[in-house]
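Given next are the chains, with one letter for each unit.
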Amino acid sequence: MKYGVLVFPGTWSDGDCHYALSSVLGRDVAYIWHKDVDLSGYDCLILPGGFSYGDYLRPGAIARFSPVMAEVERFAANGGLVFGICNGFQILCEAGLLPGALLRNSHLQYRCQWVNLRVENANTPFTSRSRKGQVLRIPISHYEGCYFADADTLAELEANNQVVFRYCTPEGEVTEQTNPNGALRNIAGIINKRGNVLGMMPHPERACEPLLGGSDGNLLWPV
Amino acid sequence: MPVSQEILDEVALSRAEYDLIVERLGREPTPVELGMFGSLWSEHCGYKHSKLLLKMFPSTSPRSLIGVGQENAGAVDIGDGLAVVMKMESHNHPSAIEPYEGAATGVGGIVRDIFTMGARPIALMNSLRFGPLSDAHNRYLFNGVVAGIAGYGNCLGIPDVGGEIYFDQVYSQNPLVNALCLGLIESKWLTSARASGQGNLLMLVGADTGRDGLHGASGLASRTFEEQKELRSAVQVGNPFLEKLLIEACLELVQHDWIVGLQDLGAAGLTSASVESAARGGSGMDIDVLKVPRREQGMTPYEVMLSESQERMLVIVKKGCENKVKTLFERWDLRCDIIGQVTADGLARVREGDVVVAEIPVKLLSDPPLYRLPASKPAWLRGAQSLDLATLPDLAPTQAGPALLRLLGSPNIASKQHVYRQYDHQVQNNTVVAPGSDAAVLRIKGTAKAISLTTDGNGRYCYLDPYAGGAIAVAEAARNLACSGAQPLAITDCLNFGNPEKPDVYYQLKECIRGMAHACRVLGVPVISGNVSLYNETRGQAVYPTPVVGMLGLMEDVTKHCTAAFQRAGDLVYLLGTCDGVGLAGSEYLALEQGLVKGRPTIDLALEKRVQRTCLAAIRQGLLHSAHDCSDGGLAVAVAESAVIGGLGFKGRLPMEGRLDSALFGELQSRIVVSLAPENLPQLEKIASKHKVPLTKLGTVEGKHFAIAGCLDLPLDEVGEAWRGGLERALGG
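Protein sequence lines, in the order shown, are assigned to chains F and X. 1 is the number of the first residue of the first sequence in the working numbering; add one for each residue after it. 224 is the number of the first residue of the second sequence in the working numbering; add one for each residue after it.
Simulated from the structure, these hints should not be mistaken for lab results. Do not take every clue at face value.
[Claimed, not checked] Mimicking DSBU-like on lysine-lysine, the simulated pairs with C-alpha atoms at most 30 angstroms apart in a straight line are:
id	chain 1	residue 1	chain 2	residue 2
1	X	639	X	725
2	F	35	X	549
3	X	725	X	274
4	X	832	X	411
5	X	639	X	821
6	X	586	X	278
7	X	278	X	411
8	X	278	F	35
9	X	832	X	913
10	X	672	X	783
11	F	35	X	547
12	X	668	F	2
Bound-form chain X, shown alone (with noise of 0.2 angstroms):
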C-alpha cells in the first residue's frame, strides 16, 4: 500500500526519498523506521542540500586536531597540552515559535557538543537577528530569546562573553537564533562520540524521556511553515539545573577509564545519538525502549526514539563498568539506565521488549542522499547591485551631526549593553575582556596565553553580493580579533539561507560558501565545525542570506590584549587601511537614511591580511592604547565608539576628498582605527609601511567633545548619550 502524502509531510520526506529508502531496504520501511529515515535524513540532521557545497571550506591546519564532522564539535591545539573545543549551532525556527524556550535548549544542545567531548564549556557567544523593534512582534521575540539565553546560560555558569544582535525587515518571522560555546579541556582526555566493541553498553543518563520536541529541530528545520501556532508542541523545553548536574558528572566521567564513548542527544534525539554513534564507531547498536525511562505514559516506540527532551546523554560504556558509572551519575543524583548495547552486525535495531519494531542497516540511515542543485543568479541580484550615486543626495556638513547621532542611535550600531548585562559575562575568572569591545578575552589559567573570540556576518552585504559578503563575514572576525591583539585559528560557522530548492537561493548559498572558502584559504584560517539552517522563510520571502563566522585566536601573551577604546588624552588617532572607493553599498547609512540596500560590496583579501598583520604586530610590540575595527556606519562611527567607551574625547579631521556621507559612513573594508601615545608613531609607520598599509592621521584623543573639521562638533555627553540608549528608546523603554 503506497505511503499517503500526509504521513510523507509529517516525516518530512519526499517521495522520491521513499522510494529510495524502499529501494535500498528491500522492503517497505515500519512506520518507527520511517520516523527515524525522517529525522536522521532530514535536512538538520543530514545536511542534504548543504553537505557537498560545504566540502569547499578547508577544513584543516597544523593546529586541528578534530576536523568538522568528525565528533560533535571541532577542537584545535593551543599549546601547553590544551585543546580548544568550538560550535556553533542554530535553533531558529524554534524560536521563532516559542522565543524563550527556543533560545533556551538552543544554549542547552550547544552547551551539550561541547563537554561530550569532555570539555569543560568557558565561554557561550550568540548571533541574533529580528525584525524591526518597531513591531510589537518582534519586540516580543527580542525579549524572549534574550531572556532565554540568559534563564539557560546564567544558571549554568558559563560566562556569555559577547555576539551581535541586528534588526531587518527580512528577519521578521524568521528570526535567527545561532548559539556559539567554546570549551577548554586537556587534549588527553579528549573523549568521541563512537560506539565500538560489541557487547559494550548503551547507558541513557539525564532527564527522563517525553513527548515535548518531536518532530523538532529535524522535522520544523526542513520546510517553510505558514501556520505557526500548532507547532509549539515541537519546541523542546529545558532544565539548566540539570544540564548543570551533567556538565559536571560527564566531565568527572571522561577522566576515568570506563567509557568507550560519549554522545549527547540533540535533534532527533536517540534516533541521532545511536546511529551517529554507531556510524562513527562503525558497529550496530541494539536498544530496548521499554527500558528508557519516560515522563509520560503510553508513549510509542516511535515517540521515544524521536522525542527530543533535553538533557540526556547516551554513555557508551565498556562491559563491567557499568555499576562505576551508575555510582558517579548517582552522586550527582542523576538518573542512568541501561537501555541497550553495541552489537557487531551493522543494525540499528529498535525493540519494544521482545518485539522487534525497526532494523536498519546504520550504514543506510547514516547517509541521506545529496542534492547538487541548480543555482542561478538571481534576476534581480543585477539591478540590486547597481548604486548611482549621481541620483544620491550627498550630505550638507550640517546634516553630518544629527546623521552621526541617528546612525549611532539606531538599533544595529547601538550599544548592546541592555542584551549583555543580562549575561554573567564573568563567572569562572577568565574573562579579561568583557562585552563592548571588538572581541572577548579570555584567559587560560595556567599559562600566559589567552584566547580571543567573536562572532560576525552581514546579511545585506551577502544579499547584493554572496560572494564578497561570505569572504567579508570571514574577514570581519579575523579583523575584530586582530583588534583584540589575537592570531585566527579556527572557525565554526552558521549558515543561515532561505529555500534551497529554490535556485536563487541555492546560488547564494554555494557563492556565501566559495566566497568564505577563499578568504578562509587566504587568512590561513580552517573551519573546524558548523551548522547549516535552511528553510528560513515565510510566505516565500526568505531572510537575506546570512553565513554567520565564529572566530577562534590565540594570543601568546595575555598582557599584550588591546581593546576599542581610546585610553588616554594626548594620544594620536590613526587609520590603518585605505581610504579609496565610497563603500556606500550595503552600508547602514545607505539602509537607514536613503532607505536603500543597493550596491556592490567588495574586498581586498591581500589588503585585508596586511592591515591585520600590521595591526597584530603593533599590539604585540605594545604600540597601541587601542584598536577598533571599521565596520557598520564606517569611520565616524568608528571613531566616535573609541570615544564614547574610553569616556575621552577626538579632534581631528577624516580624509575627505569625494563625497561628504562616503567619507563619514562609508563601510570600506579592511579598516582599523587605532590610539597610540605619540612616541609610538615612528614605529608604527615602520611597521605600516613595511606591510605597505596606507597610514593616515585622523587626530587626537582630547577634552569632551568629538569633533570632525568641517562638519561636525558634539559634546561627547550627547554622542554617548545616543549610543548608549539607542537599544532601550527602539524596545519603547
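With the rest of the complex left out, here is chain F (with noise of 0.2 angstroms):
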C-alpha cells in the first residue's frame, strides 16, 4: 500500500501524518505538492488537516480548485482510497466527494481536545481493523467541524452505513454531552457510497503512540 499524503498552501498536519505511517508504522508514504498531478502509484491519497488557503471564504473551498483535485476525483471514480482528515473533510465536501457540509462548531471557538468515538461502520478499508461498536479514542483541532446535511441526505447516509464515526462517551453511549461541535447526530465521519472516500474531523495522526496521549489513531489507516 502506497500512500501519497497531498500538501495544500496551509496544510499543517501532513508532516503529522508522514510522521505517523512512516517512523511510527514504517509504511510507504510519500508527499505529494498540490501543483503535481501525477498519481500513478498511489493506493491510498490522504488529504491531511491545517488551513489550506488560509480558510479563506469557506475552509476547503479553493483548495477544491488546486491542480491536484481534479486527479483525486480521477482517482477515487476508479476506487482509489481517499482519506479526508479535518481540513481533508472540508475539501471533500466541497469538492462534491462526500454529501453535506462542515459549519462552524456551534459555540463559535476553535476546540482541541481528546473524543471518544464510536465505529458505527467495520466493513470499510479504514475500519477494517476495528470492530462495530468499539470506541476509538482521537483528538479533535477545529473551527469548523459541525457536520451538517439536510434530511434527506442525512436519512440516505443512515440507511446506507454511511456513517463510520459518531462522538461518544469512553463507554460508548452517543449523547449531546459528549458533542463537541453540534454535528448533526454526533457525526465524527462519513464514507462515500461507493466505500473508497472516507472524511473524518478528527485526527487519527495525532493518536500514534501512547506517549503523545494513544494510538488508537494507527488502526485506521487502511493496508
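Dock chain one against chain two, each of which comes alone in its own frame, and use the hints as you go.
Dropping the structure here:
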C-alpha cells in the first residue's frame, strides 16, 4: 500500500500524517504537492488537516480547485482510497466527493481536545481493523467541525451505513454532552456510497503513540 | 527653522534627542531621516532606558550558541546536533487598542523572529494580564486577545502549549500580552540576520506594503497616551496564511547556499530590518522605495520605510543567486522583489528612484542614547511592605472550606482550560504534556530527549518588593521545570513596566532586573533573549512591575517526565520544602479574601536550588507519580489542584503550627507537593536528606473527598467544579 499525503498551501498535518505512517508504522508514504498531477502508483491518498489557503471564503473552498484535485476525483472514480482528515474532510465536501458540509462549531470557538468515537461501520477499508461499536480515543482540533446535511441526505447516509464514526462517551454511548461541535447526529466521520472515500474531523495521525496520549489512530490507516 | 513640538511628538523624540541628531549628523535631518531616527531611537527598538540595566543579566552559558542582542532570538545547544531558538515579546499597547489584531500580530511577530533564524517554530506560549472580568471592557479585551492568539496561531500549525493569565485592577487600561515562540533547528543551519558583502542584494518577500501600523510598536510603545481611539490605524493587521507560506519557504531557503542573511520586518518595518542587519554586518545599504510593492496608492518614502505591514521578510541574497531565490519563493506563490543592495560605505541610503531622501551613517541610527535615570525607592513602598498580622483576623476552621472554594474558583487560580482548549496544542506531534500542568513537555523526534517550557511572573510580588519579586519569577519558572523533570537551560524574558522617566518606576525596573539577575546566577540559567515594554500606564496609573520569565528546560529521557496530577490511590503525598514563615505577603488569599496587597515576599535561593535538585533527582530515579509547584493560593490549593486534575481524592493534614490562613494559603517559596508509591519513600527521604531539604508528610491519595484534618472535608466533585468553572463564571458564562 503506497500512501500519498497531499500538501496544499496552508496545510500543516502533512508532517504529522507522514510521521505516523512512516516513522511509527513503517509504511511507504510520500508527499504530493498540490501542483503535481501525477498520482500513479498510489493506493491511498490522504488529504490532511490544516488551514489550506487560510480557510479563506470557507475551509476547503479554494483547495478544491487546486490542480491536483481533478486527479483526486479521477483517482476516486477509479476506486482508489481517499482519506480526508479535518481540512481534508472539508475539501472533499466542497469538491462534492462527500455529501454535506462542515459548519462553524456551534459554540463558535476553536476546540482542541481528545474525544471518543464509536465505530458505526467496520466494513470499510479504513475501519477493517476495528470492530463495530468499538470506542476509539482520538483528538479533534477545529473551528468548523459541525457536520451538516439536509434531512434527505442524512436519511440516506444512515440507511446506507455511511456514518462511520460518532462522538460518544468512553463507554460508547452517543450523547449530547459528548458532542464537541454541534455536529448533527454526533457525526464525526462519513464514507461515500461506494465505500472508498472517507472523511473524518478527528485527527488519527495525532493518536499514533502512547507518549502523545494514545495510539488508536493507527488502526484507521487502510492496509 | 526649528522643528515643531508637534513633529517631535509624532516621532516620539525629545528635543534633546533631536539636538543630538543634528549634532551628530552635522545638519538637520530630512523628514524621512527624522522618521527613521524616531523609530530606531524609540524605546521599543532602542531600549534607551533599559539597555544599561539589562547588562546585569548573565547571558551566556556553556550551551548558549547565540546570546542576547546578537541576532533576532537566542539559541542554545541541546545536543544531538540540535539547537533551540527562543524569544518572547510584548504587544501590549496594540492589544489595548485592538485586542484581536494586537494579539494576533504579536504572535506573528514573535514567530517571525524564530524562523528568520532558520528554525522551525515548534511551540507558542502566552503570558497575559487583564483588568478584572467584572468589567465589560476587560471582558472585551480578554475575549479579543484569546481569539486573536487562537486565530493566528492555529492557522500557522504551531502548538500553543501553555502560558498564564492573571487579572488585577492595575492592568485595566493596560493589558499585557507577552507572546513566546520556540524553534528547533539543526545547529548547522542557524542563519544570521546580517547584511554583508558589497553588491549583495536586498530582496523583500511576502506581503505588499501598506500604511498599516505606521508608528505602531515603536510610536505606541514610547509614551503613555490618554486618548486611544484615534490610534487604531497604528495597529497592524495580520494574515497568518501568508505567514505560514513564509515559514515553509524560508525554512526551505536556508538549506541552500544562496543567502547571507535573513531578517524579519517587525517594529519600524523596513527601516529597522535594513539598518539592523546592516549594523550587524558592519556595512551600509541602499534602498529604492519605488521597488517596494505597495498595497495602497500614493505612499511616500516615509510611509514605505516606516510601514509595519506584517508578514514581510528581508533576504540578503548573494549576488548571482537572486533568480534561484525568486523561483523558490514563487513556488510558494510569494511575491519577491529586489529593493536594494548592500554597500560598503556604512551609510543607510534611501532613495525614491533617483532622488536620495535619506542618507545616514548606519552606526548613528543603531546607536541611540542610553539613559541611566535616577532611581529612588518609592515613598509608599515601606507602608506597602508592612503587614501587621495582629490586625488581621485568622480563619476559623469552619471558614476554611468556603475560602478554599472561593480561591480555587477565582480567575487567577481557576483552571484556564476554557482558554487553552481554543488553542491547537497538539499539532506537530510533539506534545507529551499539554497545557494544564506546571510546564509543557515536548519530545524531540529522533532523540530520547524532551524540552520543557513555562512562563511565570507575579506583578504583585514585584510591586511589594521588586528585587525579591524578580528573583522569585526566575525561581518559580525553574521550579515548574523541575516539577516536569527538566533541567533549566535558558531564559527569555519580557519586562513590562510603567513610565521609566518616573524615579519610582525606574527603581522598580532596576531592582527587578537586579533580583532576576541574582537568581539567574544562583540557578545557573542565562538570559538569551528578551524584550522590554515600558510606558504601560494610563493617567498616571502604572501596571505592577511585571517581569515575565519564559524558561526552557531539557530532559535527557522523555519517559522520565512528571505532571501535577495524582496518579494512583494509595500513593503518599509529601511536601518538599519549608513551612517556616507566614507567607501571606502579596498572596492571592490576602488580596481576594482580605482586600489587601501588603507585606514583603521573600525567597531563600540556596534552599530553592536544593529543593529543585531534590525534585529532579527523584523524578529521574522514577520515584514520583506527581510533582506540583506551590504558588498562587499556597499549599491547600496546590494539593487540591493535584487531586482535581488527577481525579483522585486526598486525605491528610497540613503542617499547622501558627495561623490557619498561613498554613492553608500562605505562599512561601521553594515548595513542591509530590505524590509517590509508599515503597519509594525511603529513597526520596535519602535524596531529601542529602540535599538538606525538609520533607513533610501531608497525607494520602484516596477516596473521592478532599479532606484536611481539622478544617475541611469536601467532595472532590465540588472542589473540581469550583476550579474548573471559575473562569467561565467570571466571564458571565
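We went through each hint and held it up to the structure:
Distance restraint check for residue 639 (chain X) and residue 725 (chain X): the Cα-Cα separation of roughly 35 angstroms exceeds the 30 angstroms cut-off, and the hinted pair is therefore not satisfied. Between residue 35 (chain F) and residue 549 (chain X) the CA atoms are separated by roughly 18 angstroms; this keeps the pair inside 30 angstroms, and the hint holds. For the hint pairing residue 725 (chain X) with residue 274 (chain X), the CA-to-CA distance comes to about 17 angstroms; that is within 30 angstroms, so the pair holds. A C-alpha spacing of about 34 angstroms is found between residue 832 (chain X) and residue 411 (chain X), which places the hinted pair above 30 angstroms, so the restraint is violated.
For a cut-off of 30 angstroms, the pair hint linking residue 639 (chain X) to residue 821 (chain X) stands: about 26 angstroms separates their Cα positions. A distance of roughly 20 angstroms separates the Cα atoms of residue 586 (chain X) and residue 278 (chain X); the hinted pair therefore holds under the 30 angstroms criterion. For a cut-off of 30 angstroms, the pair hint linking residue 278 (chain X) to residue 411 (chain X) stands: about 29 angstroms separates their Cα positions. With a C-alpha separation of about 51 angstroms, the suggested pair residue 278 (chain X) and residue 35 (chain F) falls outside the 30 angstroms cut-off, and the hint is violated.
Distance restraint check for residue 832 (chain X) and residue 913 (chain X): the Cα-Cα separation of roughly 13 angstroms lies within the 30 angstroms cut-off, and the hinted pair is therefore satisfied. Of the supplied pair hints, the one linking residue 672 (chain X) and residue 783 (chain X) holds, its CA atoms being roughly 10 angstroms apart against a limit of 30 angstroms. For the proposed pair residue 35 (chain F) and residue 547 (chain X), the alpha carbon gap of about 19 angstroms is at most 30 angstroms, so the pair holds. Proximity of residue 668 (chain X) to residue 2 (chain F) is assessed by CA-CA distance (about 24 angstroms); at most 30 angstroms being required, the pair is judged to hold.
Checked against the numbered hints given earlier, this structure breaks hints 1, 4 and 8; the rest are met.
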